[in-house]
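Asks: Protein chains in written order, with my numbering: chain A, 1 to 192; chain B, 193 to 303.
Some clues are possibly wrong.
Straight-line alpha carbon distances no greater than 16 Å define the calculated EDC-like cross-link-like pairs of lysine to aspartate or glutamate that follow [said to hold, decoys possible]:
(1) A:K63 <-> A:E6
(2) A:K123 <-> B:E285
(3) B:K214 <-> A:D121
(4) A:K181 <-> B:E204
(5) A:K67 <-> A:E16
(6) B:K227 <-> A:D50
(7) A:K58 <-> A:D121
(8) B:K227 <-> A:E184
(9) A:K63 <-> A:D121
(10) B:K227 <-> A:E9
(11) B:K232 <-> A:D46
(12) A:K148 <-> A:E169
(13) B:K205 <-> A:E184
(14) A:K20 <-> A:E9
It should be emphasised that the hints constitute simulated quantities derived from the structure, not laboratory data.
What you are looking at is a predicted structure, and each value in this text was computed from that prediction instead of being measured.
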Amino acid sequence: MINETELIERLKLGDESAFKTIVEQWQDMVYNTILGIVQNETEAEDLAQDVFIKVFEKIDTFKGDAKFSTWLYRIATTTALDHLRSKKRKKRFGFLQSISGGASEEKEQIPDFHHPGVSLDNKERAAALFKAIEALPENQKAAYTLHKLEGLSYRDVSEVLNTTISAVESLMSRANQNLRKHLEEYYNKHYR
Amino acid sequence: MTSQEKIQLEVEKTLQSLDGVKRAEANSFLFTRIKARMNKKAGGWDWIFSFVSRPAIAMAIVVLVMTINGWALWDSNTEDVVAADNSSELASEYNTVASVSNYDYENMTNE
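Only chain B is shown next, with the shape it has when bound in the complex:
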């Protein structure tokens, strides 16, 4: 018998290996375990944790947090620019351009 014929024979025997297979039996305590899970589920928080721990949901939450952080950062930068613009406008309007470092605190006069 050639090796190819041996392989073919083995393949045929393998394909027939599930003929007459017996049904696998479930754990005899299956009902007790189901009841315990149903009672635990009725307790509440279980589904929230399982929902949040799904990879897609977890990734979405991370992206959302990063987006909010980015937006908050960008927003605070623009507020600083606007505040700086307002103070320089005010300074030029009242002609108080003199810098604080030029001020003579002892004589209370501008140099």
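So that you can see chain A by itself, here it is in the shape it has in the complex:
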């Protein structure tokens, strides 16, 4: 197996086979991270493509201060969050959204995203959890997804988000509080 540094050096020289190896080696990691944040398989695939195109174009800016995977996670997270922001902006522009405002609020309560890696017996609960994750503020959403879906330690999450470990602990604690609150409301409605 070719080592990471050599691959990066070859990619800097524009070597296509190095780029192919990089895509094949890290595509699931990038796709899974984005999917957790945007919760839509088609959009996640398009964004994963965007991430690797950015990697190809910006590889010269990678100085090796952080791990390559950390750099990739950072691009993937930023790309996914930017996409959500742009979607929100487009919704605000939508005139139809304002006309059918009441109906869309009702629709938002229905969990509709099913992560392919969740076991069948946890499918419904995980869908409810993803609905709650969707409502989290950006940085909590990113920290929670990286930790829970990608299994990154708090230290690794802090490196991706360019913050301290204690800040990640605080983000995770607030994320858990918000999720608990959201789920309590959801099940309260569900059981009545």
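Please arrange chain B on chain A, whose structure you already have, making use of the hints.
Replies: Just chain B now, with coordinates in the frame of chain A:
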């Protein structure tokens, strides 16, 4: 078990539902699609369309066009006023105030 306890239990189970989740796998043709997009991008016009179709840019273009139209309209109105002023000044200077409708075209004399 009360309904509140049931809810609490369900919340706990839901929070644990992502424990042991497997990584989602990307499409096996991802690299081919990336290459196709990069080739298309190298073709050119793609970024121009995506830039112009952004809501903020599109709105800015509409505002710009409307401003230019408004300015052009205002400018042409002021030119008409200036032209009308000039012709009346010229008419009074040469004492040709008589209106065209008073002119006797057959006898070629002013009535």
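Asks: All the hints need checking, so say for each whether the structure fits it.
Replies: Structure-based check of each hint:
1. A:K63 <-> A:E6: holds, 13 Å
2. A:K123 <-> B:E285: violated, 94 Å
3. B:K214 <-> A:D121: Given that 16 Å is the threshold and the Cα spacing comes to 14 Å, the pair holds.
4. A:K181 <-> B:E204: holds, 12 Å
5. A:K67 <-> A:E16: Judged against 16 Å, a Cα distance of about 21 Å means the pair is violated.
6. B:K227 <-> A:D50: holds, 11 Å
7. A:K58 <-> A:D121: violated, 42 Å
8. B:K227 <-> A:E184: The hint is violated at about 46 Å.
9. A:K63 <-> A:D121: violated, 44 Å
10. B:K227 <-> A:E9: At roughly 20 Å apart (the allowed maximum being 16 Å), E9 (chain A) and K227 (chain B) break the hint.
11. B:K232 <-> A:D46: holds, 15 Å
12. A:K148 <-> A:E169: holds, 13 Å
13. B:K205 <-> A:E184: It holds: about 12 Å lies between the C-alpha atoms, which stays within 16 Å.
14. A:K20 <-> A:E9: Holds, at roughly 14 Å.
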